[in-house]
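**Q** So the protein sequences, as listed, match chains A and B.
Going by our numbering, the first residue of the first sequence is number 797, and it counts up by one from there.
Going by our numbering, the first residue of the second sequence is number 49, and it counts up by one from there.
It should be emphasised that the hints constitute simulated quantities derived from the structure, not laboratory data.
Check each hint, because a few of them may be wrong.
To be verified - Some, not all, of what chain A presents toward chain B, calculated at C-beta under 8 Å:
#, residue
1, F831
2, Q840
3, M841
4, L843
5, R846
6, F887
7, S898
8, F900
9, D902
10, G903
11, K909
Claimed, not checked - Have a look at the derived ranges for each label pair, beta carbon to beta carbon:
#, chain 1, residue 1, chain 2, residue 2, range
12, A, K851, B, R133, 39 to 47 Å
13, B, R112, A, T856, 40 to 48 Å
14, A, P910, B, R133, 35 to 43 Å
15, B, R158, A, Q852, 36 to 44 Å
16, A, D877, B, M63, 45 to 53 Å
17, A, P836, B, V144, 35 to 43 Å
18, A, E813, B, G51, 20 to 28 Å
19, A, A797, B, R158, 26 to 34 Å
20, B, V101, A, R839, 23 to 31 Å
21, B, G76, A, T801, 31 to 39 Å
22, A, K909, B, R133, 45 to 53 Å
23, A, R839, B, E110, 22 to 30 Å
Glycine included, C-beta positions come from ideal geometry on N, C-alpha and C.
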Amino acid sequence: AQTVTQSQPEMSVQEAETVTLSCTYDTSESNYYLFWYKQPPSRQMILVIRQEAYKQQNATENRFSVNFQKAAKSFSLKISDSQLGDTAMYFCAFMTSNAGKSTFGDGTTLTVKP
Amino acid sequence: DAGVIQSPRHEVTEMGQEVTLRCKPISGHNSLFWYRQTMMRGLELLIYFNNNVPIDDSGMPEDRFSAKMPNASFSTLKIQPSEPRDSAVYFCASSVTGGWTEAFFGQGTRLTVV
Chain A
797 AQTVTQSQPE MSVQEAETVT LSCTYDTSES NYYLFWYKQP PSRQMILVIR QEAYKQQNAT
857 ENRFSVNFQK AAKSFSLKIS DSQLGDTAMY FCAFMTSNAG KSTFGDGTTL TVKP
Chain B
49 DAGVIQSPRH EVTEMGQEVT LRCKPISGHN SLFWYRQTMM RGLELLIYFN NNVPIDDSGM
109 PEDRFSAKMP NASFSTLKIQ PSEPRDSAVY FCASSVTGGW TEAFFGQGTR LTVV
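Full structure from sequences and hints, please.
**A** Structure below.
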C-alpha cells in the first residue's frame, strides 16, 4: 500500500516571498506519478503540478516547481513570488501507473499574508 | 468537456433520511472515485470504480453507505439512513487508468445532516 505524508499542517508566507511545502511517500512501485493539488476556499480541487517518477528533471509550472528526490521518496513544492491567491490547502498525491487510484496526503494549509 | 459534474451542490437533510449524491465523470475516463472530506479526517477515499466495476470499497465507512456505477457516465453514492456524523463534503473524481493523467474533481456536494 502507498502512503503519503505531509508533515506541515499549516504554513504562512509573506506576499512575494518563497515557500516550500514538503511531502514524502512510501511505495514499492517503480513507476508512478506525483501531483500537487490546490484547494482554495471555493473547495474546487485544482491540479498545480505533476511529475512522472521516471523523469529526473523536476517539473516547473510558472511560479510553481518541485524538488523530486526519488531515492529519498520526497516530493516538495516550491512556490515563488507568493501571491494572495495562493492561499489554499495543498495536497500531495501519488498514483501508480497502472491502477489509476490516487493516494492523498492530509494537506497543508498555506496562508499568504499581505 | 464540462468536467466532472456533481449534483446537488448542497444538500440538507434530516437524520434518518436517505440521501443520494450523483456524479457524471468526464467522457472517456474509466476510473471513478468517491471521496469524503471533513476537518477531522481530511480527504478519504470511499470507493473506487474501474470500468464501472467497484475495485476497492474498503473506505466505505459502514453498510449505510452504498455506491453504484450502472454505466460509464453515471455514478451514485447513497447513504441510508443518514446520520449527523455523515455531514461532510463529498467529491467525485475521474481519471484514465493507465494513462498519464491526474484525477479530475467535481465541485463537491456539501452534505449537512441535522
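**Q** Determine for every hint whether it applies to the structure shown.
**A** Structure-based check of all given hints:
Residue-level restraint check for F831/A holds (minimum Cβ-Cβ distance to chain B is 5 Å; threshold 8 Å). Because the beta carbon of Q840/A sits about 6 Å from the nearest beta carbon in chain B, less than 8 Å, this interface hint is met. For the restraint placing M841/A at the interface with chain B, the shortest Cβ-Cβ distance is roughly 4 Å, inside the 8 Å limit, so the hint holds. The beta carbon of L843/A is positioned within 8 Å of a beta carbon in chain B (closest approach about 5 Å), and the interface hint is therefore held.
Using the Cβ-Cβ criterion of 8 Å, the hint placing R846/A at the interface with chain B is satisfied: the shortest such distance is roughly 6 Å. For F887/A, the interface hint holds, since its Cβ comes within 8 Å of a Cβ in chain B; the closest pair sits about 7 Å apart. Satisfaction of the interface hint for S898/A is found here, the shortest Cβ-Cβ separation to chain B being roughly 5 Å, below the 8 Å cut-off. For F900/A, the shortest C-beta to C-beta distance to chain B is roughly 5 Å, which falls under 8 Å, so the interface hint holds.
Using the Cβ-Cβ criterion of 8 Å, the hint placing D902/A at the interface with chain B is satisfied: the shortest such distance is roughly 5 Å. The beta carbon of G903/A comes within 6 Å of a beta carbon in chain B, closer than 8 Å, and the hint placing it at the interface holds. Given the 8 Å rule on beta carbons, the hint for K909/A is violated: about 22 Å separates it from the nearest Cβ of chain B. Roughly 43 Å separates the CB atoms of K851/A and R133/B, a value that falls within the hinted 39 to 47 Å.
One distance hint, 40 to 48 Å for the beta-carbon pair R112/B and T856/A, holds here, with the actual separation near 45 Å. For P910/A and R133/B, the Cβ-Cβ distance of about 38 Å falls inside the hinted range of 35 to 43 Å, so the restraint holds. Our hint of 36 to 44 Å for R158/B and Q852/A holds, since their Cβ atoms are close to 42 Å apart. At roughly 48 Å, the beta-carbon separation of D877/A and M63/B lies within the given 45 to 53 Å, and the hint holds.
For the pair P836/A and V144/B, the beta carbons lie near 25 Å from each other, so the given range of 35 to 43 Å is not met. Hint check: E813/A to G51/B, Cβ distance near 33 Å, so the stated range 20 to 28 Å is violated. For the pair A797/A and R158/B, the supplied restraint of 26 to 34 Å holds, since their beta-carbon distance comes to about 30 Å. The supplied range of 23 to 31 Å is met by V101/B and R839/A, whose beta-carbon atoms lie about 29 Å from each other.
Separation of G76/B from T801/A is about 33 Å and conforms to the stated range, judged on CB atoms against 31 to 39 Å. Distance hint check: the CB atoms of K909/A and R133/B are about 35 Å apart, inconsistent with the given range 45 to 53 Å. The beta-carbon spacing between R839/A and E110/B, approximately 25 Å, falls within the hinted interval of 22 to 30 Å.
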